[in-house]
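S.K.: Okay, here's what each chain looks like letter by letter:
4 protein chains.
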Amino acid sequence: MIVDFTIFPTDVGESVSSYVAEVFKIIEASDLPYEHHAMGTNIEGDWDEVMAVIKACRDRMLEQANRISISIRIDERKGVTNGIEKKVASAKAKMKSSNA
Amino acid sequence: MIVDFTIFPTDVGESVSSYVAEVFKIIEASDLPYEHHAMGTNIEGDWDEVMAVIKACRDRMLEQANRISISIRIDERKGVTNGIEKKVASAKAKMKSSNA
Amino acid sequence: MIVDFTIFPTDVGESVSSYVAEVFKIIEASDLPYEHHAMGTNIEGDWDEVMAVIKACRDRMLEQANRISISIRIDERKGVTNGIEKKVASAKAKMKSSNA
Amino acid sequence: MIVDFTIFPTDVGESVSSYVAEVFKIIEASDLPYEHHAMGTNIEGDWDEVMAVIKACRDRMLEQANRISISIRIDERKGVTNGIEKKVASAKAKMKSSNA
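Chains A, B, C and D, in that order, are what the protein sequence lines are.
Once you know that position 83 of the first sequence is 83 in the numbering used here, the rest is easy, because the numbers rise by one and skip nothing.
Once you know that position 50 of the second sequence is 50 in the numbering used here, the rest is easy, because the numbers rise by one and skip nothing.
Once you know that position 16 of the third sequence is 16 in the numbering used here, the rest is easy, because the numbers rise by one and skip nothing.
Once you know that position 79 of the fourth sequence is 79 in the numbering used here, the rest is easy, because the numbers rise by one and skip nothing.
The set of hints was computed from the structure by calculation and includes no laboratory data.
A hint or two may mislead.
Treat identical chains as interchangeable: a pair holds within one or across any two.
[To be verified] Simulated crosslink set (SDA-like; lysine to any residue; CA at most 25 Å straight-line):
| hint | residue 1 | residue 2 |
| --- | --- | --- |
| 1 | K96 | D48 |
| 2 | K25 | I84 |
| 3 | K78 | A52 |
| 4 | K94 | G79 |
| 5 | K55 | K78 |
| 6 | K94 | F24 |
| 7 | K86 | E28 |
| 8 | K94 | D46 |
| 9 | K55 | D31 |
| 10 | K86 | P33 |
| 11 | K94 | I26 |
| 12 | K55 | I70 |
| 13 | K96 | D46 |
Put together the whole structure using the sequences plus the hints.
M.R.: Here it is, written out as structure tokens:
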């Protein structure tokens, strides 16, 4: 499954990028495919694998902040290994062919 | 922590309430406090407790559908047992006092 | 359409309920059906009606905070006036009949 | 503000990429900076500009489907033009310096 998630502290003031940097280290130390974007990170793997990474990110952030916000969106399609890149590519390819 | 989550199949046609009913059974069979609302369900508990319920909901739905969408939003505040009801009550109380 | 939305400041410290109370006033002054729950508010109406309320909430919150987070989830079903209450009722009714 | 949004039909079966392709055309025809990722699209602009694009995407999708799901997440920071790229870059830079 592909999971888009965002995590940030809500009690540390306006700038949160140093907290997010701690979370990036955990994501990048995992073996799972991931893609950072401007508003979150996509990770791909089995439920337990992905949720273990997100829980580690949350544990780390709770060491540094008293209140945190997490948002998780999951698209799961049985029997399909999507590949994080494949989804955007698929829609872009259809867009091109319908323009032809 | 309080978790708001939504789960629905995306490949079974326009009506999804019979699928959602299966998920409600799992939520209501758990020991955790919960609150259904028009767009999802709030559950309160520790990370592992809440995520176990959501995973069970997802496993059940994947028995009935090939593609599912899950959305999870978490508000976690250290050392505070919020009580699902308490959050709305707190804002409503402040609203009244500022109207007084 | 039914819209579930959450709005909170992320730069004012741990407690945000006085800010949320300001937003509740705007929602409750609108003519649209709404339902507060522990993690957000559901509002029902046309796109322009609902988005005008959310924009007013955001404008108000930006008077009080420098950085805010908004989350909006929409379920839109053509030709159906769902009624905020109807969705939960429908799944609960199916749950009961499948238990019979 | 930067807005992450996802839109898909829920009544057309398992594959939705041809519907998403229609939406990509609208996003790319707008003048706003955007970034597609595996689970959605980030767009940057003023409230009215961004919401007009999302509404156009929703109108187009409702021509093709009876039921649609939309998710919108907004991070708004007063007086800051973030630049979609800047946010990831900022956290990555802090990650590197804390590893040094």
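S.K.: A separate judgement is required for each hint: does it hold in the structure or not?
M.R.: Results for each hint:
1. K96 <-> D48: Close neither inside one copy (37 Å) nor across copies (28 Å); limit 25 Å.
2. K25 <-> I84: This pair counts as both: shortest intra-copy Cα distance 19 Å, inter-copy 21 Å.
3. K78 <-> A52: both (21 Å within a copy, 20 Å between copies)
4. K94 <-> G79: within (22 Å within a copy, 29 Å between copies)
5. K55 <-> K78: Result: close both inside a copy and across copies, 24 Å intra and 15 Å inter.
6. K94 <-> F24: between (33 Å within a copy, 10 Å between copies)
7. K86 <-> E28: Classified as both: same-chain Cα gap 20 Å, cross-chain 19 Å, threshold 25 Å.
8. K94 <-> D46: Intra 28 Å, inter 29 Å, cutoff 25 Å: neither.
9. K55 <-> D31: Result: close both inside a copy and across copies, 15 Å intra and 22 Å inter.
10. K86 <-> P33: Close inside one copy (12 Å) and across copies (22 Å); limit 25 Å.
11. K94 <-> I26: between (35 Å within a copy, 14 Å between copies)
12. K55 <-> I70: So K55 and I70 pass the 25 Å test inside a copy (10 Å) and across (17 Å) alike.
13. K96 <-> D46: neither (32 Å within a copy, 29 Å between copies)
Checked against the numbered hints listed earlier, the structure breaks hints 1, 8 and 13; every other hint is satisfied.
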